[in-house]
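Please put together the full structure from these sequences, using the hints given.
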Amino acid sequence: GESVGLHLPTLSVQEGDNSIINCAYSNSASDYFIWYKQESGKGPQFIIDIRSNMDKRQGQRVTVLLNKTVKHLSLQIAATQPGDSAVYFCAENANYGQNFVFGPGTRLSVLP
Amino acid sequence: EAQVTQNPRYLITVTGKKLTVTCSQNMNHEYMSWYRQDPGLGLRQIYYSMNVEVTDKGDVPEGYKVSRKEKRNFPLILESPSPNQTSLYFCASSLGQGAWGYTFGSGTRLTVV
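Note that the protein sequences, when read in sequence, are chains A and W.
For the record, in the first sequence the residue sitting at position 22 is 252 according to my numbering, with numbers rising by one throughout.
For the record, in the second sequence the residue sitting at position 84 is 1435 according to my numbering, with numbers rising by one throughout.
Fair warning: there could be bad hints in the mix.
Said to hold, decoys possible - Mimicking SDA-like on lysine to any residue, the simulated pairs with C-alpha atoms at most 20 Å apart in a straight line are:
#1 A/Lys272 to W/Gly1391
#2 A/Lys286 to A/Lys272
#3 A/Lys272 to W/Gly1393
#4 W/Lys1416 to W/Val1365
#5 W/Lys1408 to A/Tyr326
#6 A/Lys298 to A/Ile280
#7 A/Lys272 to W/Lys1422
#8 A/Lys272 to W/Ser1457
#9 W/Lys1422 to W/Ala1353
#10 W/Lys1369 to W/Lys1422
#11 A/Lys272 to W/Pro1359
#12 A/Lys272 to W/Lys1416
#13 W/Lys1408 to A/Gly327
As the list claims (entries may be wrong) - Far from chain A by the CB rule (all over 10 Å, computed), these chain W residues:
#14 Asn1358
#15 Gly1367
#16 Lys1369
#17 Val1372
#18 Asn1379
#19 Val1403
#20 Glu1404
#21 Asp1410
#22 Gly1414
#23 Ser1418
#24 Ile1428
#25 Gly1447
#26 Thr1454
#27 Ser1457
The hints are simulated quantities; they were obtained by calculation from the structure and are not laboratory data.
For clarity, every value in this text was computed on a predicted model and none was experimentally measured.
Note that beta-carbon positions come from the ideal geometry of N, C-alpha and C, so glycine has one too.
See the structure below:
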């Protein structure tokens, strides 16, 4: 498969456990955040987004938490499954800017 | 099916030989963008386009050109490829800049020898 990062932080979890992936951002003006999932050999895929007027947003098995005070974003995956194994990126945007800034990514490995 | 289609998926070329990577989207998106992805550096924006005939540089535009003659297509052109352009390239599109997430293509793995 494609190599998307040789020095990524790695999180290993047992199948069925919950996963928490963290992301720190630096721009205090960022007001829109997205989590992407990238499986081997594929492009990043949109998972969930959150705007700065919210602290929490839930999707199907995923929850994103935003702490603007410490500029921290997290992605929680409930009941992690083998299909969740991938690299997860956070992306931030400020004031409808022309560019999303992507984090370095975290590789999630789900153990049987 | 709504998608962004890139071609080719894999390409090996020699230094200096002009090449084009095509990108097409079928979602009537106004905004399109090219990224390169390198180990340890993440996704970096090369060029973007807010609409037909409107293009602008991203963070790493040197050595690349783009064009947006029609809404659905946004080709990436390397006039004289060099080995430091060996990378994984992604095309992405969205309804508008900064307000919605991107739909990414499947990627083009380019090797310049």
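With 10 Å as the threshold, tell me whether asparagine 1358 of chain W passes as away from chain A on beta-carbon distances.
holds (13 Å)
Lysine 1369 of chain W paired with lysine 1422 of chain W [C-alpha distance capped at 20 Å]
Roughly 24 Å between the alpha carbons, so the hint for lysine 1369 of chain W and lysine 1422 of chain W is violated.
Is the claim that glycine 1414 of chain W lies outside the interface with chain A correct, judged by CB distances over 10 Å?
The assertion about glycine 1414 of chain W holds, with a minimum of 19 Å to chain A.
Going straight from one Cα to the other, do lysine 272 of chain A and lysine 1416 of chain W come out at no more than 20 Å?
violated (24 Å)
Would you check the hint for lysine 272 of chain A and glycine 1391 of chain W, treating anything up to 20 Å between C-alpha atoms as holding?
holds (18 Å)
Quick check for students: does the CB of valine 1403 of chain W sit more than 10 Å from each CB in chain A?
At about 17 Å from chain A, valine 1403 of chain W clears the 10 Å cut-off, so the statement holds.
Do the alpha carbons of lysine 286 of chain A and lysine 272 of chain A lie within 20 Å of each other, as the hint requires?
Status violated; Cα separation ~28 Å.
CA of lysine 1416 of chain W to CA of valine 1365 of chain W, is that 20 Å or under?
holds (18 Å)
Would you say aspartate 1410 of chain W is clear of chain A, with no C-beta pair closer than or equal to 10 Å?
Aspartate 1410 of chain W not clear of chain A: closest Cβ-Cβ about 7 Å, inside 10 Å.
Given the hint that lysine 1422 of chain W pairs with alanine 1353 of chain W, does the C-alpha gap stay at or below 20 Å?
Roughly 15 Å separates the two Cα atoms, so the pair holds.
Take a quick look at serine 1457 of chain W and tell me if its Cβ sits farther than 10 Å from every Cβ on chain A, holds or violated.
Not fine: 5 Å to the nearest Cβ puts serine 1457 of chain W too close to chain A.
If I take the minimum Cβ distance from threonine 1454 of chain W to any residue of chain A, is it greater than 10 Å?
About 7 Å separates threonine 1454 of chain W from the closest Cβ of chain A, which leaves it inside 10 Å; violated.
The earlier numbered hints that this structure contradicts are 2, 7, 10, 12, 21, 25, 26 and 27.
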